[in-house]
Amino acid sequence: MTTPSIVVKGLHVTRQGQEVLSDLNFQVAAGEVFALLGGNGAGKSTTLLTCIGMLKPSAGSVTICGHSAADEPEAVRRSLAYLSETASLYEHLSARENLRYFLELAGTKPDPVAIEQALDTVSLQADARDRRSAGFSKGMRQKVAIALALLRKTPVLLLDEPTSGLDPVAVEEFNRLLITLCQRDVAILMVTHDLFGACEVSSRIGLLRDGHLVNQFEASRDVNGKLIHVDVNEVKRSFAGREAA
Amino acid sequence: MTAILHIARGEWQHMLRTRLAVTIIVMLLALIAVAAASSAQQLVSESQTREAYQREAEATFRSQPARHPHRMVHYGHYVFRTPAPLAVIDPGVDPFTGRSIFLEGHRRNTAAFAEARETSVLTRLGVVSPAFALQVVAPLLLILLGFTSVVRERERGTLLQLIAQGVPARALVLGKAAAIGSVAALASLPLLIGVMWLSIRHPTEALPALLVFAGHATYLGFWVLLITVVSALASKARSALITLIIVWAATTILMPRIAADVAATAVTSQTQTEMDILVQRDMRVVGDSHNINDPGFRSFQDQVLEEYGVDRIEDLPVNYRGLVSLQGEAEGSAVMNQYAAELHATQRRQATIINLFAIASPYLAVRNLSMRSAGTDLINHQRFLDAAEAQRFELIQQINTVHANEVLFADDSARSVDHESEQRTRVSGDFWHRLQDFNFTPQPASDRLLAALPLGVVLALWLLAATVLIRRVARKAGEA
Chain G
-4 MTTPSIVVKG
6 LHVTRQGQEV
16 LSDLNFQVAA
26 GEVFALLGGN
36 GAGKSTTLLT
46 CIGMLKPSAG
56 SVTICGHSAA
66 DEPEAVRRSL
76 AYLSETASLY
86 EHLSARENLR
96 YFLELAGTKP
106 DPVAIEQALD
116 TVSLQADARD
126 RRSAGFSKGM
136 RQKVAIALAL
146 LRKTPVLLLD
156 EPTSGLDPVA
166 VEEFNRLLIT
176 LCQRDVAILM
186 VTHDLFGACE
196 VSSRIGLLRD
206 GHLVNQFEAS
216 RDVNGKLIHV
226 DVNEVKRSFA
236 GREAA
Chain C
1433 MTAILHIARG
1443 EWQHMLRTRL
1453 AVTIIVMLLA
1463 LIAVAAASSA
1473 QQLVSESQTR
1483 EAYQREAEAT
1493 FRSQPARHPH
1503 RMVHYGHYVF
1513 RTPAPLAVID
1523 PGVDPFTGRS
1533 IFLEGHRRNT
1543 AAFAEARETS
1553 VLTRLGVVSP
1563 AFALQVVAPL
1573 LLILLGFTSV
1583 VRERERGTLL
1593 QLIAQGVPAR
1603 ALVLGKAAAI
1613 GSVAALASLP
1623 LLIGVMWLSI
1633 RHPTEALPAL
1643 LVFAGHATYL
1653 GFWVLLITVV
1663 SALASKARSA
1673 LITLIIVWAA
1683 TTILMPRIAA
1693 DVAATAVTSQ
1703 TQTEMDILVQ
1713 RDMRVVGDSH
1723 NINDPGFRSF
1733 QDQVLEEYGV
1743 DRIEDLPVNY
1753 RGLVSLQGEA
1763 EGSAVMNQYA
1773 AELHATQRRQ
1783 ATIINLFAIA
1793 SPYLAVRNLS
1803 MRSAGTDLIN
1813 HQRFLDAAEA
1823 QRFELIQQIN
1833 TVHANEVLFA
1843 DDSARSVDHE
1853 SEQRTRVSGD
1863 FWHRLQDFNF
1873 TPQPASDRLL
1883 AALPLGVVLA
1893 LWLLAATVLI
1903 RRVARKAGEA
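Top to bottom, those sequences are chains G and C.
FYI, the numbering for the first sequence is -4 to 240, going by the numbering used here.
FYI, the numbering for the second sequence is 1433 to 1912, going by the numbering used here.
Errors might be hidden in some of the hints.
Cut-off 20 Å, straight-line C-alpha distance, at most; resulting in silico cross-link-like pairs (SDA-like, lysine to any residue) [said to hold, decoys possible]:
hint	chain 1	residue 1	chain 2	residue 2
1	G	K104	C	A1440
2	G	K133	C	R1584
3	G	K4	G	M49
4	C	K1908	G	M49
5	C	K1908	G	P52
6	G	K104	C	I1436
7	C	K1668	G	T81
8	G	K4	G	S74
9	G	K51	C	R1904
10	G	K104	C	L1437
No wet-lab data here; the hints were simulated from the structure.
As the structure is a computational prediction, the values presented were derived from the model and not from experiment.
From just these sequences and the hints, can you work out the full model?
Set out below in structure tokens:
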């Protein structure tokens, strides 16, 4: 494993008097997809919000590319791209305009050629690029959001339930994009309750329950270095067993 | 700073691409521009009309033929108030208080021909001054334009997206405020142009005009910040809109009425009818100056006879009837002035109470600041009434003096039965040329500025409170 881009160490987070995360520990290295799997209320979104620096830990720490999320949130945010569940875009702007706007706000000068390349990479249809994003499907919005991450060249990508509401073709396209990002050494932390999707694309999977990381699974690689997916049934058994317990 | 400008530009882009926002901006600008243009046109024509009427009334009075002086006392004369230059921005109480007064003997008439009473109900509702547009309508339109500014980002998930990519929450909130503020600035532009134009035409009005502009700019600035704060605090756009509409209605519709009711309850004043009855009662004590034998003037008669050293009024070197008229007018005026002074003092106390409500309503602060600076408030109306009364008293006493000095007592006593005597009681029309021009001037600019200053401080405090609030909210907006 290379130097971890995301380090979560002994993390405790309390919200409205309730401990939502308890002694959470994991790391995500560059080029790795770590999926945090869990049901509703397990603490998945809280983990992401803490990584962004929008929630302060009551104990422990989150470090992104060497910066503490609690103490240096702005430096952390410069290092990451965040893709929300809804893949929100400005509906009155086109795909290109959305990218330009977000890039300007990130302090990056928008380069039209680079924007076209990024949109090519994410395979957004040419006729959709100048259309207002109000009519975009979630898959199309996600493509624009991934294009933004590519353009910003951030070393870390945080994904919140990225495949929920996507059709199988869109999921496949999305997974292909994640692999592209991994090949560019982006560390990806994905929170999801989609067991199959997580197993399909993740290098490692962590099972999150009631704020605790209860189990971790690692994908192996074959002799050619190709990822051998995490066994869905193994994760399912562990998940079911923990539920029963 | 760059992020704030980017956010502001983004918000402008959103406004321009949203039909509702474009409609609101166009409506706002059109309303202000139309209000300014129609108000300016109305004021110019009003000024010309009133000046023309004033000169005509003066010419009519001066051109009267030889008459008995007391007939001229009852013939009377009109004085008109020329609108203050800044009435083009804020007509204040002018449309409701009347613009002319009929000056005659024995009576202190109140102002008549109020615009609001003369026009039809529909026209009355249709008249919008720039001050009204900026004080009442502009905040409402700014609310409709800006209530979603921040909460929209939260509802659609772009807020988290922006914060997560390192856009400071402060820049986001201030950028939104800057965008709404730029629309408010655009809406204030006709006012600024008007203020500059007025300052060139009437240099003495430059400072009050500037204060009127500064007051409105501060007031709109307060609304811009409040709209952004509420939008940033709300979890749903609908709740932001409801909150802001409630604040708008409470401060601009409800509070002025509450303030007026509290003022009327705390400082009770007589109605015009009640006051008229009391004046008549006291005037009866003074006596009827048309009747030289009225018991009210018995001691005056003794005093006059003693002063001139004669035993009978017929032996006086002056016309006793004229003297009684002079005395009756002086005593009657004193009675009427006393009641008027009490009424004015009551109204001023009520106005002070209403001003105190500026602490609870920025609308009241800007409304009263604007009227005071413009010279269109109650104080200036009272000043007009007093100036007209001074003119009336001067005119009537001049005529009464002519009556005393130029008409023989014998002729005066016999004029109703003897035609020749009656002819001799008519004094030359040349006397009516002594009528002085009526030139009412509003309170000096320095006095108006001084009076408006406390309201300016209250408005500044409202803006300061909103600034403190937005700083706190901007810090919180970046937290989950």
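Going through the hints against the structure:
Between G:K104 and C:A1440, the direct Cα distance comes to roughly 18 Å. Compliance with the 20 Å bound is thereby established for this hinted pair. This hinted pair checks out: G:K133 and C:R1584 have alpha carbons roughly 19 Å apart, not beyond 20 Å. A hinted pair counts as satisfied when its Cα atoms are at most 20 Å apart, and G:K4 with G:M49 qualifies at roughly 17 Å. Of the supplied pair hints, the one linking C:K1908 and G:M49 holds, its CA atoms being roughly 10 Å apart against a limit of 20 Å.
With a C-alpha separation of about 17 Å, the suggested pair C:K1908 and G:P52 falls inside the 20 Å cut-off, and the hint holds. Among the hinted pairs, G:K104 with C:I1436 is consistent with the structure: their alpha-carbon atoms are about 16 Å apart, no more than 20 Å. The straight-line distance between the Cα atoms of C:K1668 and G:T81 is roughly 17 Å, inside the 20 Å bound, and the hint therefore holds. Restraint check for G:K4 and G:S74: satisfied, since their Cα atoms lie roughly 19 Å apart, inside the 20 Å limit.
Restraint check for G:K51 and C:R1904: the C-alpha separation of about 18 Å stays at or below 20 Å, so the hint holds. This hinted pair checks out: G:K104 and C:L1437 have alpha carbons roughly 15 Å apart, not beyond 20 Å.
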